[in-house]
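Undergrad: Chains as they are written, first to last, in my numbering: chain A, 12 to 148; chain B, 9 to 132.
Hints in this document: simulated from the structure, not taken from any laboratory. Some clues are possibly wrong.
[To be verified] Which bits of chain B does chain A cover? Going by a derived footprint, with three or more residues having C-beta under 8 Å, they are: (1) 12 to 18; (2) 21 to 28; (3) 32 to 42; (4) 56 to 62; (5) 65 to 79; (6) 105 to 116.
[As the list claims (entries may be wrong)] Part of the chain A face toward chain B, derived, beta carbon under 10 Å: (7) L13; (8) W15; (9) P30; (10) E68; (11) G80; (12) A104; (13) G111.
Since the structure is predicted, the reported quantities are computational estimates derived from the model, not experimental observations. All residues carry an ideal CB built from backbone N, CA and C; glycine is no exception.
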Amino acid sequence: MLLWIGFAVTVAAVFSYVPVFVPYPITRDIPWANLLLFLLGGWMLALGLRRAFGQPEWYRGKISGAVMGVLALALFGLFCWGLFVFARHIPAADSAPKIGQQAPDFTLTDAKGEPVSLADLRKSGNAVLLIFYRGYW
Amino acid sequence: MRSFQSNLGEFRKRGVRIAAISVDSNFESSKLCLEQGYTFDFLSDPQGEVIRSYGVLHPAGGEKSRDIARPAEFLVDSRGVIRWVNLTDNIRVRARPQAVLQQFDRLIGGPAVTVLRGAPGSQL
Chain A
12 MLLWIGFAVT VAAVFSYVPV FVPYPITRDI PWANLLLFLL GGWMLALGLR RAFGQPEWYR
72 GKISGAVMGV LALALFGLFC WGLFVFARHI PAADSAPKIG QQAPDFTLTD AKGEPVSLAD
132 LRKSGNAVLL IFYRGYW
Chain B
9 MRSFQSNLGE FRKRGVRIAA ISVDSNFESS KLCLEQGYTF DFLSDPQGEV IRSYGVLHPA
69 GGEKSRDIAR PAEFLVDSRG VIRWVNLTDN IRVRARPQAV LQQFDRLIGG PAVTVLRGAP
129 GSQL
């Protein structure tokens, strides 16, 4: 039972990140909430495995526990790779215009399909914050 | 994006327009705005030309090796001069609205213009 709960917590640690913790910068920038969940799940799995192997007359789960333990480790590895390695795989943007330079003008279409230029955005003395984002395709 | 939407009043107070740019189509952007309730501009750059001119293209970064934008923020003043740039090295870690507002106040001018531009949250 402990093994199953531990495994469930580990799975939750992976899949809760995007829907639950990404919307809040405090749990997104450093995924401490997910790492805590991993720690909890890992601790339960370890305890469950120790019981299964130490007192097999009382506790079951030698095989299922070992399988879940390996899967949990793999999930943890995937999570760390995704967040700490893959997320940093972005080009350096060395050719980006520098502070003090004129921002390249442009004309693009907005969500309604209407053309909008940088000059339009700056009209009536506005400053403009341009947010480039990956998009949702 | 959500945090910028919820701080939109603070940006308006200071006379800062927000424009989000990606390779998404107009249709995709309008769907996003509708779903999330975003009211600032979402500009569509499907060929990535503007994204390239700002040096923030991520070649083959998207699905099916599509060229997309890497996350980045540029603060441009009313004369069109770039005053602040944020080029993250991690797609998860983005500029927060408070940080941008702080930079604006430091570099360009604080919310002193508020009175001239109308009450907080009013339409400019």
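Undergrad: Next, verify each hint and record whether it holds.
TA: Going down the list of hints, with the structure as the test:
Against chain A, the region 12 to 18 of chain B contributes 1 residues with a C-beta closer than 8 Å to a partner C-beta. That does not satisfy the three-residue criterion, and the hint is violated. Evaluation of the coverage hint for the region 21 to 28 of chain B: fulfilled, as 7 residues show C-beta separations to chain A shorter than 8 Å, against a requirement of three. Under the rule that three or more residues need a Cβ within less than 8 Å of chain A, the assignment of the region 32 to 42 of chain B holds, with 7 such residues. Here's how the region 56 to 62 of chain B fares: 5 of its residues keep a CB closer than 8 Å to some CB of chain A, so the rule of at least three is met and the hint holds.
Counting residues of the region 65 to 79 of chain B whose beta carbon lies closer than 8 Å to any beta carbon of chain A gives 11, which reaches the threshold of three, so the coverage claim holds. Residues of the region 105 to 116 of chain B with a Cβ under 8 Å from some Cβ of chain A number 3, which satisfies the need for three, so the listed coverage holds. Evaluation of the L13 of chain A hint against chain B yields a violated restraint, the C-beta minimum of about 32 Å exceeding 10 Å. Residue-level restraint check for W15 of chain A is violated (minimum Cβ-Cβ distance to chain B is 31 Å; threshold 10 Å).
Annotation: interface hint on P30 of chain A violated; nearest CB of chain B at approximately 13 Å, more than 10 Å. Taken as an interface hint, E68 of chain A does not check out: its beta carbon lies about 47 Å from the nearest beta carbon of chain B, beyond 10 Å. Given the 10 Å rule on beta carbons, the hint for G80 of chain A is violated: about 28 Å separates it from the nearest Cβ of chain B. Interface restraint check: A104 of chain A against chain B, minimum CB-CB distance 5 Å, threshold 10 Å, status holds.
The beta carbon of G111 of chain A comes within 7 Å of a beta carbon in chain B, closer than 10 Å, and the hint placing it at the interface holds.
In summary, the structure is inconsistent with hints 1, 7, 8, 9, 10, 11 from the numbered list given earlier, while agreeing with the others.
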